[in-house]
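Listed in order, the protein sequences are those of chains A and B.
Heads up: the first sequence at position 18 corresponds to 18 in the numbering used here, and the numbers run straight through without jumps.
Throughout, the numbering used here is defined as the position within the second sequence, counted from one, plus 1000.
Careful, some of the hints might be misleading.
[Unchecked claim] Under 8 Å between C-beta atoms, here's a sample of chain A residues computed to sit facing chain B:
# : residue
1 : G214
2 : E329
3 : P331
4 : Q334
5 : A416
For the record, the hints were derived by calculation from the structure and aren't laboratory data.
Model, not experiment: these values are computed from the prediction.
C-beta atoms are modelled at their ideal positions from N, C-alpha and C, and glycine is treated no differently.
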Amino acid sequence: MPSLQMRAGESASLVLRGATVLDPVAGIEGRHDLVVRDGEIAELAAPGEASGDGIEEIDAGPLHAFPAFFDPHVHLRTPGQEHKEDIETGARSAAAGGYCGVLAMANTEPPVSTPADVEALLADASSAAAVRVGFLATVTRAMEGEELTEMASLRDVGAAGFSDDGLPIRSARILRRALQYQRLCGGTIALHEEDPELSGAGVMHEGPVSAALGLEGIPSVSESTMIARDAALAGYEGGRIHVQHLSAAESVEAVRAAKAAGVQISCEASPHHLCLTDEEVRSLDPQRFKMNPPLRSEGDRLALIAGLQDGTIECIATDHAPHAAEEKEVPFEQAAMGVTGLETAFAALHTDLVLPGAIELGLLIERLAGGAEPFGVDRPSLAPGSEANIALCDLSARWTVGEDGYESRSSNSWCAGKELTGRVLMTLAAGQVAYRLRSFSMGVAP
Amino acid sequence: MRHLLSIEQLSKAEIEAILDRAESFAEVGRRDIKKVPTLRGRTVVTLFYEASTRTSSSFELAAKRLSADLVSVKAAGSSVDKGESLKDTVATLSAYDPAAIVLRHPYAGAAQLVAGWADAAVVNAGDGKHEHPSQALLDVYTLRRRLGSLEGKRIWIVGDVLHSRVARSNLIAFKAMGAELTVCGPPALIPRGLEQLGCEVEHSLERLGEADVVYALRLQHERMNESFVPSIREYAAHFQIDSRRLGPRQLLMHPGPVNRGVELSGEVIDSPQSLIAEQVASGLVVRMAILYELLAVGGEAPAPVAGNGHATPIGQPA
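The whole structure should be built from the sequences, with the hints applied where relevant.
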């Protein structure tokens, strides 16, 4: 079973007075007094009707309460690269973005490949993390792509799944063995899909923009051909796979076809792929616009949105990838791949997709928490009786990303300098207050 | 003009102003004392992270002819070898308060980054496979001298466009001057989507006869190992410009260094249609004009050009 750990703290008791409560999965939509008692959602009462009896009161009339978000794909850089991020800063960054839980990738230094590695990280999280953190282990030892890790033992100590993220599993034979072994131990296998033969030394999407800039391109088929291969393997072995960070229209089509064929496959898309295109790369700014997979064309972006709408893509995952300044203050081709995204995911998608009418608010909320179920984690819910996992948001707040710094240790946000509309004011995770925006003053009961 | 980072940043009028300035420097080059005092007391740094003969020597000589103090740094043998970052190297050199930094770097966007870090005017002397604006300007200058105007002229760029910063900058510059562009080469060496830059794409030299100017690019030997083309022999059979393919009215250009017998046959290099030597000579005066525009005119609009198409004289010999 996946084990997710966080710092123990005081269970919250508070009333969100008159909040607009929206949880499409639980079928909740409307204005309510949302009462949290001892870390549990106690009641959804008509506005002004709930009795507070001395617990903290928050005037939430102009605010929205959503089920907190869950991100199945973040990089917390621990162990080995704590100059970029650690469990404490990464979890704080997640809390500031409205997340109640995240799954950390295993491509650390060294990679998370042994049961002892997973146990040490879970122990760290239980003392340092403001939200629940789970850890995937690598599929292959040290991510070398050659021998399987002790998958069953890793599951026994609580590995949340398996992934060599950062690298594809080159060998179809090795992936097939992992899928066979999965029958014994469970654990979704999350796949970074890329054919290194096709992506070569590419640094951006292959197309007219890469032609104009003289940068080596990563063709869309580098991703979609590997998805097709791995979906066929998963179908053949009856395995359960999750495709990470879809970027191309061809990839959405490959996942759709696999689902239609009955393969147990889920997938995710990242906020930056849903909001931006390769046109941004004309700025040659690696800080905001260099990542793998790369930003692709407008057609690809629209195909991802269509995939979110028809359910082909069940979740949004940030692929939060912190890097130190000196790893990004270099020419585009030399810069590290990856951008941070936890603190801005909701606000950016609200600004770029919901406000212009590309998707409904309810769909965004559903997809932002959609990353839990593919890994066997309970989906956050606002139904009375549930553990309190809540993102309290002001949909009209306008703010400029980065002007007050970041909770993350790194500042390579793809939204840096952007003005966004919509902001997370407070996050409850596992019944505890995990985050409050500093400027968000609340009326505390005497 | 504060920096010269790309050809894309220049309008046709700005390109013409630089070329007119270069014409007047050509006159300086015919004097006994080929030097003007314009940049006396100012410092020009050339910072080259890649091997270069033409570009580095012509920028250095251009700075000297304008009486600037020159510091030439080559990455090999410098602190770059010791792992110093570009940002730190630029900070170090900036301590000498240079008026201009001329940068050649193997990666796209390097000059743009340096422009953000340094107070000096930055000249992009080639960044990765991205741009090489001074080459494009000297090529337009060379052609303009021969043809008068590029308006409506048909120019074919032939060869390894994928790996060529010259191809990209020249495409933009030639188009800005009104020429019609065709790009020709083996499919794997033409970047996908290039036609959106406003050129035709061909994979055969059959229609080469239409061209007024043939601009051949260098084919590096290591491309064979990566299967971009199967062999030099096969490449030459299909894409070499030789006396059979080059008509007597057509002009031939090449940015150098040439692989004799690969992209060009020996006889066309030495033919009267070849502008290759003129390109090199143009490099000096055009680079003088670039430094002058950046440092002497310095960010203001280009000076109005006299009616005869020549800029006003630039001072007396030093």
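Hints versus structure:
At its closest, the beta carbon of A/G214 sits 3 Å from a beta carbon of chain B; the interface hint therefore holds under the 8 Å criterion. Because the closest C-beta pair between A/E329 and chain B is about 6 Å apart, less than 8 Å, the hint holds. Annotation: A/P331 was flagged as interfacial toward chain B, and the flag holds, the nearest CB pair being 4 Å apart, inside 8 Å. Satisfaction of the interface hint for A/Q334 is found here, the shortest Cβ-Cβ separation to chain B being roughly 6 Å, below the 8 Å cut-off.
About 15 Å separates the beta-carbon of A/A416 from the nearest beta-carbon of chain B, more than 8 Å, and the hint is not met.
Taken one by one, the earlier hints fail for this structure only at number 5.
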